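Trainee: Listed below are the residues making up each chain.
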Amino acid sequence: MAPAKPHQSAAVAIPVPDKISVSLNVNGVDVQLDLAPWTTLLDALRDRLNLTGTKKGCDHGQCGACTVLVDGRRIVSCLTLAVMKDGSKVTTIEGLAKDGMLHPLQQAFIDHDAFQCGYCTPGQICSAAGLLAEGRAKTADEIRELMSGNICRCGAYPNIVAAIQQVMGHS
Amino acid sequence: MINFQYARAADVADAVRQIAADPKAKFIAGGTNLIDLMKEEVERPSRLIDISRLPLDNVEETSGGGVRIGALVPNSDLAHHPLIAQRYPILASAILAGASAQLRNMASTGGNLLQRTRCYYFYDIATPCNKREPGTGCSAVNGVNRMHAILGTSETCIATHPSDMCVALAALEAKVLVAGPGGQRTIAFADFHRLPGDTPHRDTNLEANEIVTAIELPARGFAKNYTYLKIRDRLSYAFALVSVAAALELDGQAIKEARLALGGVAHKPWRDVNAEASLRGQAANRDSFARAAEALLHGAKGYAHNTFKIDLARRAIVRALAQASQGTPQSQSSKKIR
Chain Y
1 MAPAKPHQSA AVAIPVPDKI SVSLNVNGVD VQLDLAPWTT LLDALRDRLN LTGTKKGCDH
61 GQCGACTVLV DGRRIVSCLT LAVMKDGSKV TTIEGLAKDG MLHPLQQAFI DHDAFQCGYC
121 TPGQICSAAG LLAEGRAKTA DEIRELMSGN ICRCGAYPNI VAAIQQVMGH S
Chain W
1 MINFQYARAA DVADAVRQIA ADPKAKFIAG GTNLIDLMKE EVERPSRLID ISRLPLDNVE
61 ETSGGGVRIG ALVPNSDLAH HPLIAQRYPI LASAILAGAS AQLRNMASTG GNLLQRTRCY
121 YFYDIATPCN KREPGTGCSA VNGVNRMHAI LGTSETCIAT HPSDMCVALA ALEAKVLVAG
181 PGGQRTIAFA DFHRLPGDTP HRDTNLEANE IVTAIELPAR GFAKNYTYLK IRDRLSYAFA
241 LVSVAAALEL DGQAIKEARL ALGGVAHKPW RDVNAEASLR GQAANRDSFA RAAEALLHGA
301 KGYAHNTFKI DLARRAIVRA LAQASQGTPQ SQSSKKIR
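Line by line, the protein sequences give chains Y and W. Per my numbering, the first sequence starts with residue 1, numbered consecutively. Per my numbering, the second sequence starts with residue 1, numbered consecutively.
Simulated from the structure, these hints should not be mistaken for laboratory data. Values in this document were obtained by computation on a predicted structure and should not be read as measured data. Every residue, glycine too, gets a C-beta built ideally from N, C-alpha and C. Be a bit skeptical, because a hint or two may be false.
Using 27 Å as the maximum straight-line C-alpha spacing, the simulated BS3-like pairs for lysine-lysine come out as follows [stated by the list, open to error]:
(1) Lys85(Y) <-> Lys26(W)
(2) Lys56(Y) <-> Lys224(W)
(3) Lys39(W) <-> Lys89(Y)
(4) Lys98(Y) <-> Lys56(Y)
(5) Lys85(Y) <-> Lys39(W)
(6) Lys19(Y) <-> Lys175(W)
(7) Lys336(W) <-> Lys85(Y)
If you want the ones that stay clear, here's a sample from chain Y, every Cβ over 12 Å from chain W, calculated [claimed, not checked]:
(8) Arg48
(9) Arg73
(10) Gly149
(11) Pro158
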């Protein structure tokens, strides 16, 4: 077998931009990263900061597994360029527990068995934290509608709704 | 995603200068559609110009009694803004019918207008698509076309515009404020999006060196008799098969003013002024609603898998006008259609 040849140089060189310095506060810790502009917030969290709680599901904004809070609002980190969030405060699943105590949503998901494989769970919990902060969901219908951006292929939906209701104070 | 350069715009004039200087550059705000398209390599910009920090995030009353919405107001903030929720609830309802809570938190008002079709062939770079690559042909006309258009189609493209928000904006007769190298101009909402014709690669009449700065709503908000009825394959977080924005002004049972616009059926939000005219002066009842539906769907044409949309649209129009006339708008959380 012929030895592998190096790639021939392309007719037009693709410019590789300088990495851009990005400052974030992640789970209360200030971090500075040098990132290529196409780095998503999801990849920066997982691959640069080793915060692998945030999951890559579809990577197209359709499943919600990568949901985190940016400046208190829930977003999908797979469709977010990290450079655009320079100066922002990011909360991931790793940042919800305080002083060794689980966040009430984490505890409620355990209490209600609101997961099976667990892959969607960090996104579900971060999304639910955003939902609680928004304060607009009152009924089970409203919880279902406002959680529809988080897919659970194990089908734990009824227990997820019950867990959120527990934290909302009407279990 | 291919490599690209990244720059921030300092102000609107700087944004226009930057986009004019690089024909392969794109603006980015919420990024919810653009980054997805870049991952699929449907969009391959050389440079992203970040406009997300420009001060275009206000919702304010205009001197004419209307409301001006900055192009960077997130969809969720717009839906819940008191001026919109109280005076233009049809707009709030349409926004909340679309996407997910996360995406609505990210997506901007201007970007919602500029989102691309979700035609599967447009997204699949292995297939011909006149919208993506002019002159290569339309894979949907003789392909899988269940989601596709029934009104205003051409032989070159049967894609639909995916927005819910834009359907309400069409019904409300919004205006789009844009800035370009020559200054500002205003585009009537009906003239903003285009039909495919033989140039399906152009979704809108926005020029390549222009930027959307705001949407203006006229004073008339139809807050009493309105609905946004969206029919889709699953109850939430799916694009419309057919959606209907219906708004009425009633004098007793007589219709003084009517607005009717459809989503999921055409290359642009489909407002029909003739169908609206057929309602004016009529009694608000199933007969007049059915006549309006007939007028609107008169030229509808189905393809192999989407002919069902014609009947679906007819029934959705009648139901939406009934909801509007009764003052019982469709709830976007309880999915029961009454």
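Trainee: Work down the list of hints and note, for each, if the structure agrees.
Mentor: Taking the hints in turn, this is what the structure says about them:
1. Proposed proximity of Lys85(Y) and Lys26(W) is supported: the alpha carbons are some 18 Å apart, at most 27 Å.
2. Between Lys56(Y) and Lys224(W), the direct Cα distance comes to roughly 44 Å. Violation of the 27 Å bound is thereby established for this hinted pair.
3. In summary, the hint linking Lys39(W) to Lys89(Y) is supported, as the alpha carbons are separated by about 25 Å, within the 27 Å threshold.
4. The hinted pair formed by Lys98(Y) and Lys56(Y) meets the criterion: a straight-line CA distance of about 25 Å does not exceed 27 Å.
5. Only pairs whose Cα atoms come within 27 Å are accepted, and Lys85(Y) paired with Lys39(W) is accepted, the gap being roughly 19 Å.
6. At most 27 Å may separate the alpha-carbon atoms for a hinted pair to count; Lys19(Y) and Lys175(W) exceed this at roughly 40 Å.
7. Proposed proximity of Lys336(W) and Lys85(Y) is contradicted: the alpha carbons are some 39 Å apart, above 27 Å.
8. Every Cβ of chain W is farther than 12 Å from the Cβ of Arg48(Y); the closest lies at roughly 17 Å, confirming the non-interface assignment.
9. Listed as outside the interface, Arg73(Y) is inconsistent with that label: its C-beta sits roughly 5 Å from the nearest C-beta of chain W, within the 12 Å cut-off.
10. Annotated as non-interface, Gly149(Y) brings its C-beta within 12 Å of a C-beta of chain W; the closest such distance is 2 Å.
11. At the 12 Å boundary, the C-beta of Pro158(Y) stays outside the reach of chain W, the nearest C-beta of that chain being 15 Å off.
When each numbered hint is compared with the structure, violations occur for hints 2, 6, 7, 9 and 10.
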